[in-house]
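The listed protein sequences correspond, in order, to chains A and B.
Okay, so the first sequence: first residue is 171 according to this note's numbering, each after it adds one.
Okay, so the second sequence: first residue is 17 according to this note's numbering, each after it adds one.
Think of the hints as simulated: they come from the structure by calculation, not from any bench.
Here the structure is a predicted model, which means the values were calculated and not measured.
One or more hints might be untrue.
What the hints assert, rightly or not - Restricting the straight-line Cα-Cα distance to at most 27 angstroms, the calculated cross-link-like pairs of lysine-lysine (DSSO-like) are: (1) K245(B) <-> K597(A); (2) K242(B) <-> K184(A); (3) K625(A) <-> K597(A); (4) K603(A) <-> K123(B); (5) K635(A) <-> K164(B); (6) K211(A) <-> K341(A); (7) K164(B) <-> K211(A); (8) K18(B) <-> K545(A); (9) K597(A) <-> K242(B); (10) K242(B) <-> K198(B); (11) K184(A) <-> K563(A); (12) K597(A) <-> K180(A); (13) K162(B) <-> K563(A); (14) K198(B) <-> K202(A); (15) K603(A) <-> K148(B); (16) K162(B) <-> K211(A); (17) K198(B) <-> K184(A); (18) K545(A) <-> K245(B); (19) K198(B) <-> K569(A); (20) K164(B) <-> K625(A); (21) K180(A) <-> K625(A); (22) K164(B) <-> K545(A); (23) K198(B) <-> K180(A); (24) K563(A) <-> K416(A); (25) K563(A) <-> K18(B); (26) K634(A) <-> K603(A); (27) K18(B) <-> K597(A); (28) K641(A) <-> K245(B); (29) K569(A) <-> K73(B); (30) K123(B) <-> K148(B); (31) K635(A) <-> K416(A); (32) K341(A) <-> K297(A); (33) K245(B) <-> K603(A); (34) K625(A) <-> K18(B); (35) K634(A) <-> K73(B).
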Amino acid sequence: MATGSSQQFKTDSKRVAGDLRHRGLIQTALSKYETSRDLQKSAFQDWQGARQAAAERKWDAINHLDQYLVEFASKLEARGTKVHWATTPEQAREIILGIIREAGARSIIKSKAMTAEEIHLNEALEKAGYSVVESDLGEYIVQLRNEAPYHIVFPAMHLTRGEISALFTEKLGSAPTENPEDLTMIARNILRDKYISADVGITGANFGVAETGMISITENEGNARLTAALPRVMITLMGIEKIVAKLSDLALFLPMLATAGAGQSLTGYNSMYGGPRMQGECDGPEQYHVVLLDNSRTHLLADPEQRDALHCIRCGACLNVCPIYRNVGGHSYGTTYSGPVGSVITPHLRGLQEWKHLSQASSLCGACTEACPVKIDLHHHLLQNRRNAMAQKPVRWEKMAFHAFGFLANRPALLRALIPFGRLAQKFQWIVKGGPLDPARAWTETRDLPPIATKTFTDQWRAKKRAASSKEPVQ
Amino acid sequence: MKVTLFVPCFMNTMYPQAGMSIVSVLERLGHTVNFHEDLFCCGQPAFNAGYWDEARKVAGPVVETLAADSADAIVIGSGSCGAMLKVFYGDLFAGTPLASAAVAVGKRTWEFSDFLVTKLGVTDVGARFPAKVTFHDGCHGLRELKVKQQPRRLLEHVQGLELVEMRDSETCCGFGGTFSAKFPAISTAMGEVKCAAAVQTEAEYIVSNDSSCLMQIQGLLDRQGKPLKTMHLAEVLAHQ
Numbered sequence: 171m172a173t174g175s176s177q178q179f180k181t182d183s184k185r186v187a188g189d190l191r192h193r194g195l196i197q198t199a200l201s202k203y204e205t206s207r208d209l210q211k212s213a214f215q216d217w218q219g220a221r222q223a224a225a226e227r228k229w230d231a232i233n234h235l236d237q238y239l240v241e242f243a244s245k246l247e248a249r250g251t252k253v254h255w256a257t258t259p260e261q262a263r264e265i266i267l268g269i270i271r272e273a274g275a276r277s278i279i280k281s282k283a284m285t286a287e288e289i290h291l292n293e294a295l296e297k298a299g300y301s302v303v304e305s306d307l308g309e310y311i312v313q314l315r316n317e318a319p320y321h322i323v324f325p326a327m328h329l330t331r332g333e334i335s336a337l338f339t340e341k342l343g344s345a346p347t348e349n350p351e352d353l354t355m356i357a358r359n360i361l362r363d364k365y366i367s368a369d370v371g372i373t374g375a376n377f378g379v380a381e382t383g384m385i386s387i388t389e390n391e392g393n394a395r396l397t398a399a400l401p402r403v404m405i406t407l408m409g410i411e412k413i414v415a416k417l418s419d420l421a422l423f424l425p426m427l428a429t430a431g432a433g434q435s436l437t438g439y440n441s442m443y444g445g446p447r448m449q450g451e452c453d454g455p456e457q458y459h460v461v462l463l464d465n466s467r468t469h470l471l472a473d474p475e476q477r478d479a480l481h482c483i484r485c486g487a488c489l490n491v492c493p494i495y496r497n498v499g500g501h502s503y504g505t506t507y508s509g510p511v512g513s514v515i516t517p518h519l520r521g522l523q524e525w526k527h528l529s530q531a532s533s534l535c536g537a538c539t540e541a542c543p544v545k546i547d548l549h550h551h552l553l554q555n556r557r558n559a560m561a562q563k564p565v566r567w568e569k570m571a572f573h574a575f576g577f578l579a580n581r582p583a584l585l586r587a588l589i590p591f592g593r594l595a596q597k598f599q600w601i602v603k604g605g606p607l608d609p610a611r612a613w614t615e616t617r618d619l620p621p622i623a624t625k626t627f628t629d630q631w632r633a634k635k636r637a638a639s640s641k642e643p644v645q
Numbered sequence: 017m018k019v020t021l022f023v024p025c026f027m028n029t030m031y032p033q034a035g036m037s038i039v040s041v042l043e044r045l046g047h048t049v050n051f052h053e054d055l056f057c058c059g060q061p062a063f064n065a066g067y068w069d070e071a072r073k074v075a076g077p078v079v080e081t082l083a084a085d086s087a088d089a090i091v092i093g094s095g096s097c098g099a100m101l102k103v104f105y106g107d108l109f110a111g112t113p114l115a116s117a118a119v120a121v122g123k124r125t126w127e128f129s130d131f132l133v134t135k136l137g138v139t140d141v142g143a144r145f146p147a148k149v150t151f152h153d154g155c156h157g158l159r160e161l162k163v164k165q166q167p168r169r170l171l172e173h174v175q176g177l178e179l180v181e182m183r184d185s186e187t188c189c190g191f192g193g194t195f196s197a198k199f200p201a202i203s204t205a206m207g208e209v210k211c212a213a214a215v216q217t218e219a220e221y222i223v224s225n226d227s228s229c230l231m232q233i234q235g236l237l238d239r240q241g242k243p244l245k246t247m248h249l250a251e252v253l254a255h256q
């Protein structure tokens, strides 16, 4: 039985996969990314060596998370930051709402945070009566469209300039323009006022440095800096896996994230946050809160086979190279994290049986694993998810079919006797070909099926052997 | 050299000429080829679908037979089934009595083009094939077995052959075994992207070291009425 999310994926992915306009749009957007990514990769002395080093640094961080998280929190607290620990999305939302209520805040500005998407923070804030505005341009656009981000790095990648212009005209009353700078200015003019009037700024985190107790945020628009610096209360919502041990680790991770994620040598703005405004400082928030989110990451940590999925730095490189993602688009997944890494981790975060279809929706081509800067064994994890899902709850007809196949594969004589029936069936297949009565419809609706050979390899091999032995001189 | 040929199930039933071409190329190079008629499939379909018990039922006899086989090498004309034996048998049989035999069989197993170029050091097999061709990298061969240059070295030495690279030759064709039937719309979209890249090269043939990819590509090309033909690498190399 297809579950709700599996049915939704099937329907949406089918619709988008056949949408040639979407296909062209994504191909164009990503081919530009590919060119700049390759250029930036070549600036590394040894990209493969850098990947290995990054994987090792993250391996150390994840395997000593218990120590690093405590170190991280205590360093932050020593500078007056309040650190909160949230096991579930509900807890994280309650903590954040509590901070906002206590601060007597009314309006909230937010910079990009996938963790906030994960816990559906905006809905919760709006439901509680607060206005919240996304300050990242792409996020602002999808917020105006009342949509989830299409991509973890490029939230509005699926939209053309024309569509964004039409959206701004409709929602903001601006004059139509397809000039990207003009479009940016329209959003900027509105957002600048929001920064100034906001009481609370909410950010995500790209890295959490245990050694110094600091949050690293990397962005291209300067919006996260304003979100962090202007409001009197700052909140950072960070997944516990974002920890790195040393400040010097960022010397590797920041250029790596920029290269793999956006094809940049370094992201435009790289900031570190370590606490609220100290005495004698002229800017910074009065209060700083860091909310550390588990939300089943510890489930993944408990799985030695797939623990490396916690190495993820959310660069999106695996999405960009994934032929499935490129054809079905970000929204079809119905998850916070789409693409290969989303297919790997969502079953751990939200339930294997409900989300196993994402691991099945892969040709296992391995382009993701090859692209991953921290060397997560992504496509093999998809195989493991399939194995775990079927071991837990097999699909009865599938299991029987594979059982029958195994029975036949081990009885070559019976198999050979059946092949002529297959040929015969194929002779009459044209009657139903591609239609609802065709047993091979899933294939034949869009593709031709090759005929079973008149002489199989085994037939031809035997004939060759016979011919060879008849030529041999009689002893 | 004594070589045992493993012929994948779909090659045996639908593309026997690819298998026979491997035999003919290897014999032309002076090697003795053997084939176990009782081995039909490597077990990958069940393995990829998550049914590892059922996969072991198919793969177990393959391991047992090939472990007892004294050939110098086991050759497979498919990167995908080659990866199953070389890479995935270790996982599939881990913790079972066949664990070490499975790993040992994997070590003796070679994808066809890798066998010729890396193991035998042969790049010119004396083939002639006057046509413009483009090469499609099957994902398993490319990423699990690191087979990328080997088929190209072989094609470069084929007389009369002009090799043109297609855009994104490393992008998956969308076959993916049972994936192609479970998610036909996605699989088809991926295949269409691949076919468009191949058509753009104006090549007459798409050549690959994996018949399964070619089944997907040819299936789409035929439906689209495109004249482009697919051919297994071994058939090109057998041509004189």
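request  = With a cut-off of 27 angstroms on the C-alpha distance, tell me whether K164(B) and K211(A) pass.
outcome  = holds (20 angstroms)
query = Is K198(B) within 27 angstroms of K180(A), Cα to Cα?
reply = holds (10 angstroms)
inquiry  = Hint check: K184(A) vs K563(A), CA-CA at most 27 angstroms. Holds or violated?
reply    = holds (26 angstroms)
query = Taking 27 angstroms as the top limit, are the C-alpha atoms of K164(B) and K545(A) close enough?
reply = holds (20 angstroms)
query = Would the pair K625(A) and K597(A) pass a check requiring their Cα atoms to be no farther apart than 27 angstroms?
reply = Given that 27 angstroms is the threshold and the Cα spacing comes to 15 angstroms, the pair holds.
query = Does the alpha-carbon distance linking K211(A) and K341(A) stay inside the 27 angstroms limit?
reply = Judged against 27 angstroms, a Cα distance of about 40 angstroms means the pair is violated.
key: Restraint status (C-alpha distance of K245(B) to K597(A) at most 27 angstroms)   = holds (22 angstroms)
K641(A) paired with K245(B) [C-alpha distance capped at 27 angstroms] = violated (36 angstroms)
ask   = Regarding the pair K242(B) and K184(A), is the alpha-carbon distance no greater than 27 angstroms?
value = holds (24 angstroms)
request  = Decide if the proposed pair is consistent with the structure: K625(A) and K18(B), CA atoms, cutoff 27 angstroms inclusive.
outcome  = holds (26 angstroms)
query = Given the hinted pair K635(A) and K416(A), is their alpha-carbon gap at most 27 angstroms?
reply = violated (67 angstroms)
key: Proposed proximity, K184(A) with K198(B) (alpha carbon, max 27 angstroms)   = holds (11 angstroms)
In summary, the structure is inconsistent with hints 4, 5, 6, 8, 12, 13, 14, 15, 18, 20, 21, 24, 25, 26, 27, 28, 30, 31, 35 from the numbered list given earlier, while agreeing with the others.
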